[in-house]
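Colleague: Note that the protein sequences, when read in sequence, are chains Y and S. At position 12 of the first sequence (counting the first as 1) the number is 12 in my numbering, and the numbers step up by one without a gap. At position 112 of the second sequence (counting the first as 1) the number is 112 in my numbering, and the numbers step up by one without a gap.
Note that these hints are calculated values from the structure, not bench results. Everything numeric in this text was worked out from a predicted model, so none of it was measured. Note that the Cβ used here is the ideal one computed from N, Cα and C, for glycine as well. Careful: at least some of the hints might be erroneous.
Only some residues are given here: those of chain Y computed to face chain S with a beta carbon under 10 Å [unchecked claim]: (1) Asp41; (2) Ser45; (3) Asn106; (4) Asn122; (5) Lys160; (6) Leu164; (7) Asn224; (8) Leu235; (9) Asp239.
Counterexamples of contact, computed for chain Y against chain S with all Cβ distances above 10 Å [as the list claims (entries may be wrong)]: (10) Ser99; (11) Ser155; (12) Lys189.
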Amino acid sequence: MENLILGNKIIRLDRVESTNSYLQEILLKPNCHEGLVVVADYQTSGRGQRGSLWESEMGKNVILSFWLKPMIEIENQFLISKVVALGVVDFLKKQTTHSVHIKWPNDILINYKKAAGILIENTLDSKIINGSVVGIGLNVNQDSFGRFPYATSLSIEAKKEFVLEDILSELLKHIEVRYFQLKNGLFDKINSDYLDNLLGYQKVLKYSVVGVTTYGEIAGVSKNGKLQLKVNSQLQEYDLKEISLDFNDLQTR
Amino acid sequence: MKTTEIQELIKFVAKAGVSEVEIQDKDFKIIIKTNSGKKSETQTIIQATPAAMPIQAIAPVAQPVAVSAPTQAEITKPAAASNDAKYVTIKSPMIGTFYRKSGPDKPNFVNVGDDVSSKSVVCIIEAMKLFNEIEAETAGKIVKVLVDDGSPVEYDQPLFLVDPA
Numbered sequence: 001m002e003n004l005i006l007g008n009k010i011i012r013l014d015r016v017e018s019t020n021s022y023l024q025e026i027l028l029k030p031n032c033h034e035g036l037v038v039v040a041d042y043q044t045s046g047r048g049q050r051g052s053l054w055e056s057e058m059g060k061n062v063i064l065s066f067w068l069k070p071m072i073e074i075e076n077q078f079l080i081s082k083v084v085a086l087g088v089v090d091f092l093k094k095q096t097t098h099s100v101h102i103k104w105p106n107d108i109l110i111n112y113k114k115a116a117g118i119l120i121e122n123t124l125d126s127k128i129i130n131g132s133v134v135g136i137g138l139n140v141n142q143d144s145f146g147r148f149p150y151a152t153s154l155s156i157e158a159k160k161e162f163v164l165e166d167i168l169s170e171l172l173k174h175i176e177v178r179y180f181q182l183k184n185g186l187f188d189k190i191n192s193d194y195l196d197n198l199l200g201y202q203k204v205l206k207y208s209v210v211g212v213t214t215y216g217e218i219a220g221v222s223k224n225g226k227l228q229l230k231v232n233s234q235l236q237e238y239d240l241k242e243i244s245l246d247f248n249d250l251q252t253r
Numbered sequence: 001m002k003t004t005e006i007q008e009l010i011k012f013v014a015k016a017g018v019s020e021v022e023i024q025d026k027d028f029k030i031i032i033k034t035n036s037g038k039k040s041e042t043q044t045i046i047q048a049t050p051a052a053m054p055i056q057a058i059a060p061v062a063q064p065v066a067v068s069a070p071t072q073a074e075i076t077k078p079a080a081a082s083n084d085a086k087y088v089t090i091k092s093p094m095i096g097t098f099y100r101k102s103g104p105d106k107p108n109f110v111n112v113g114d115d116v117s118s119k120s121v122v123c124i125i126e127a128m129k130l131f132n133e134i135e136a137e138t139a140g141k142i143v144k145v146l147v148d149d150g151s152p153v154e155y156d157q158p159l160f161l162v163d164p165a
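Based on the sequences and whatever the hints tell you, model everything.
Modeller: Okay, here's the thing in structure tokens:
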């Protein structure tokens, strides 16, 4: 692998509780370098958003975690989320002709269905983020998602099987490119590229806002990651817990 | 307090599902901690305090878990304003949601009475799926947890009081 940092060392596991937790544990030992990657065929308790589980069939998908040392101020933390999401999007756009979007804050959709999830855990030194454990679950060859009607995989959308090893190395390459934009302070580019790839940006979509059906268009994302939604020409800011996208309605558009 | 009374109390706390109870009387102080849901892991810390110690004003502690009314009256701790001055406050570096543990089935990072080093993780603040581990930054003993698990916190909001070592 010709990456400068990401994936220079890869730890491969058959099964693990959670790649993020595993990586966090081994980081306590010395001699761990930025860019260390942990991949697993199967996670027994993979974590999605707090409390929810990320389910994945054994050996079908890419489940990985890697370690970054962003050394950026805590107030810029959402940029880490953005560069990782953009790296995944850049990669997926080369694999499929279908639309690829970021669903705020950092889910990745192919053809309006969820194909990847990201979970980031930071450590702080005072107000500087000195470590980020980034977990990504990308559905690759899984061909059915049972009780999740709005989930998909690369294979379903591209109508072919993929070699997981190739996917892993390409994915890491694309994320690294975006990560270096962060390290080089290209915040404006990251922010504008994020919006360009954000589902619902300047487009009216149907949401549920604290249980109430609401049509709105995304005007932007605040510095701390909140969604800025224009509803009846009024700008509102929402937290993750307050708003959810109507996936059913999305499929009909 | 008799040994049998203490045993009864421990059993009661374990059953009630509360994570931490601290009781102080004029000549003793008892702190009972449970790992949520795991009754077998109840630990008890009993500290004898000098009998001559003045009786401090008591104030009820907000408990996130509902317990029956008579028990709540027993759950008291000193509200010693003069003492708080020597304590170091751990503040939130960001807006987000405060979590005392890494997952619903995990133990708290720290409890009242725990010794922490400057590198000890005391909580997680989450915002938009970014989870930030907050370190104590001061070595000492946790004397107060100021925010309930799962509550929203503001920038610079005090989270813990630490008695510096």
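Colleague: Could you run down the list of hints and mark each one as holding or not?
Modeller: Now the hints, each set against the structure:
{"no.": "1", "hint": "Asp41", "verdict": "violated, 22 Å"}
{"no.": "2", "hint": "Ser45", "verdict": "holds, 9 Å"}
{"no.": "3", "hint": "Asn106", "verdict": "holds, 6 Å"}
{"no.": "4", "hint": "Asn122", "verdict": "holds, 5 Å"}
{"no.": "5", "hint": "Lys160", "verdict": "violated, 31 Å"}
{"no.": "6", "hint": "Leu164", "verdict": "violated, 25 Å"}
{"no.": "7", "hint": "Asn224", "verdict": "holds, 6 Å"}
{"no.": "8", "hint": "Leu235", "verdict": "violated, 18 Å"}
{"no.": "9", "hint": "Asp239", "verdict": "holds, 8 Å"}
{"no.": "10", "hint": "Ser99", "verdict": "holds, 22 Å"}
{"no.": "11", "hint": "Ser155", "verdict": "holds, 26 Å"}
{"no.": "12", "hint": "Lys189", "verdict": "holds, 20 Å"}
Taken one by one, the earlier hints fail for this structure at numbers 1, 5, 6, 8, listed in ascending order.
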